[in-house]
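Participant: Sequence:
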Amino acid sequence: PPVPMDTVTTLPDWDLRAITFSANHGGEFDAQIAVDNGDTVGHILYNEDFNGGLFYGQGSQSGNWVFSQENVGDPDSAYRAVSMVLTNTGNPLAVFSAGMLQHLVLGERVASQWNFDTIMSAAAVNFTDLQVSASDSIHVAWYDSDRQQLMHAQRALSGGIWAMDSIAADSQSTGEFPSLALDGEVPHVAYYDGSALQLKYAYRDPVSRVWIRDTAITSVSSPIGKFNELRLTTAGMPIIACLDEQNTSILLAEWDNSQQQWAVTTIDSTNVPNMGRPIRLELDQFDNVWIAYNNNQNFHRVKLVHRASQLRE
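Reminder that position 129 of the sequence shown reads as 128 in our numbering, one-by-one numbering, no gaps.
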């Protein structure tokens with residue numbers, strides 16, 4: 000039967016704003032939303048995937064979301080594998096692959112000025128992720144296709160030498176789609192093993208500083224683990240959302256500490272082209288799960304799912 004009108008919840012309209020000033024912008028991008036003096040401020044970093052160049056935009060809700068634009072990198076150079084976070088003082092911090100030699104570069108915007116540091120030269124970077132700890136330590140994870148390694152680098156935000164280590168170098172294409180999270184100064188990484196078609200997880204032991212690796216989801220024939228995103232609960236337990244590519248399913252893998260094993264849940268499974276490319280996972284202050292993902296079917300373009308319960312830890 001029809002639903003009575005007094006029981007229908009009317010949602011506000013979406014406020015859609017153009018950020019870039021060319022249809023070619025934004026082949027790869029990352030964004031952060033922050034609260035600043037009572038205003039909501041959006042920060043976005045994106046590349047020009049046709050003519051080259053790297054751009055940063057900033058807009059505020061009070062400013063009616065009109066984004067200012069500025070060039071970050073050479074407009075004639077190629078930029079890709081873009082990741083961005085905000086430092087603890089609110090400065091945009093970015094990591095990206097730059098130029099034909101694919102140098103891995105860190106950039107920080109301080110007082111409207113971008114400062115750059117090359118993490119590794121000729122790194123053949125295909126994927127990156129970036130986090131800053133509460134004590135201002137920068138952690139970067141990236142996949143180097145030439146060396147066929149998933150790498151990690153760490154440095155103080157104030158400067159210094161990069162400390163580098165290899166997370167995984169098992170076989171070709173092991174380490175794609177890295178997603179990085181921090182528990183204090185302990186880095187955790189989820190990644191895709193393209194040889195075994197599996198979702199992998201690793202963390203660095205804080206005492207031995209050896210990377211402990213595990214398989215979060217074991218695949219039989221379907222590529223599982225692409226477009227993944229890792230988050231840690233308030234107790235430091237990993238939760239990973241990812242794509243089962245062949246079965247076009249959204250999966251959630253979470254560590255069940257009481258059972259000492261991974262629990263895997265199918266969130267959505269539909270024969271939809273491009274489903275789950277990309278996926279975004281967030282945990283609220285109560286560790287409840289929120290997942291947004293592409294679901295290109297009919298008029299459904301993006302889905303948001305929410306679970307108001309969690310595994311016992």
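It should be emphasised that the hints constitute simulated quantities derived from the structure, not laboratory data. Warning: the hint list may mix true and false statements.
[Unchecked claim] FRET-style restraints, in silico, Cβ to Cβ:
1) I160 <-> D38: 22 to 30 Å
2) D182 <-> G37: 26 to 34 Å
3) M163 <-> I211: 15 to 23 Å
4) E281 <-> S172: 21 to 29 Å
5) A110 <-> I211: 34 to 42 Å
Keep in mind it's a predicted model, so treat the numbers as computed, not measured. Glycine included, every Cβ here is placed at the ideal spot set by N, Cα and C.
Participant: A range of 15 to 23 Å was offered for this pair. Does it hold for the Cβ distance of M163 and I211?
Facilitator: holds (18 Å)
Participant: Does the hinted range 21 to 29 Å hold for E281 and S172 at CB?
Facilitator: holds (28 Å)
Participant: Given the hint of 26 to 34 Å, is the C-beta distance from D182 to G37 inside that range or not?
Facilitator: holds (31 Å)
Participant: Lying within 34 to 42 Å: is that true of the beta-carbon distance A110 to I211?
Facilitator: holds (40 Å)
Participant: Starting from the range 22 to 30 Å, see whether the pair I160 and D38 falls in it by beta-carbon distance.
Facilitator: Given range 22 to 30 Å: violated, Cβ gap about 37 Å.
The structure fails hint 1 only (numbered hints given earlier).
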